Amino acid sequence: MEGFNHSRVSEFVLLGLTGSPQLQIFLSVMFSVFHLMTMLGNCLILLTVLSTPHLHSPMYYLLSNLSLIDMCLSSFATPKMIMDFFAQHKTISFEGCISQIFFLHLFTGTEIALLISMSFDRYIAICKPLHYSSIMSQRVCVGLAATSWTVGFLHTMSQLAFTLSLPFCGPNVVDSFFCDLPLVIQLAFIDIYVLGIFMISTSGVIALVSFLLLLTSYITVLVTIKDHSSTGSSKAFSTCTAHFIVVLMFFGPCIFIYVWPFTDFLVDKVLSVFYTIFTPFLNPLVYTLRNQEVKTAVKKKLSNQYLNLGKTTPIYSVQ
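This note's numbering puts the first residue of the sequence shown at 641, with every later residue one more than the last.
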């Protein structure tokens, strides 16, 4: 064990997204803008929901949790990636690499469970409206959010325990902009076939089954409302379509990367960008800011802030 500890690599080299200096400058600006807008948008939604009494309902409680997760998911690797665009030698410590794996699976696992909880909430609201208040009580709502975080934590701990047991004492080059499990475990001295079976039976299957559950939920909701007025059906179809596109952007790359974890496709890098940068940016736009109640509350809050900033306190008063 002592020899193994001394031979373990101390850092990993990240190859990043591209080696072109011009493209790196462009990507650094673009991703910086996306990251800033993601943080501001999700923070605004979170504060609006928490400070607006009539938004204290199960749907908005779950949406506020989604905003919190998206802020975390957007921050575990993106700031380092942006800084690495300006670095000649892109490295990350062994502990930092393991931390990225931990947070990646914590937040993605939690978001998967939360998206299922949100689809359950919408299913009850549309398919069983008379029982909604009794089924989606405050206790159930808090339980769904707590369960989502618990699922994410248990999932990431299982991945982390497996990863830490591997012997990393040779290659240390990760062909990506952050430490992702399928790439890192290829650097360990262990049977790749066994690792592939493990990956397929955990993250890939979890993502695939969760996606099928969400797809079934959307189909059920659309079938339920098909007899409603054409305007209502059209609005519901538009909403479900937008939600499904974002879900597909999140689950598609996860399913592709983790069901086939040992492919050498360059597209894996691009797919990783979707669920770490683009999906956290799109979630508040699609899930929340398309909602009229939230838009009204956000406008009211921004208007109040503007009025408060416009008020001036006189230094001198005329007697």
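Possibly wrong hints are sitting among the right ones.
Simulated crosslink set (BS3-like; lysine-lysine; CA at most 30 Å straight-line) [said to hold, decoys possible]: (1) K720 <-> K909; (2) K909 <-> K866; (3) K909 <-> K730; (4) K768 <-> K909; (5) K730 <-> K720; (6) K935 <-> K768.
Label-pair distances were calculated between CB atoms; the ranges are [unchecked claim]: (7) S943 <-> F734: 43 to 51 Å; (8) G659 <-> K941: 40 to 48 Å; (9) T856 <-> F734: 37 to 45 Å; (10) P769 <-> L687: 41 to 49 Å; (11) E933 <-> M797: 35 to 43 Å; (12) T864 <-> S672: 27 to 35 Å; (13) M797 <-> V899: 18 to 26 Å; (14) F802 <-> V910: 39 to 47 Å; (15) S943 <-> L804: 48 to 56 Å; (16) F734 <-> L663: 25 to 33 Å; (17) K941 <-> Q778: 34 to 42 Å.
If you are wondering where the hints come from, they were derived from the structure by calculation, not from laboratory data.
Since the model is a prediction, treat every value here as computed from it, not as a measurement.
No residue lacks a Cβ here, since even glycine has one placed at the ideal position from N, Cα and C.
Review point. Can you name, in rising order, the numbers of the hints this structure does not satisfy?
Key: Those not satisfied are hints 2, 4, 10, 12, 14, 17.
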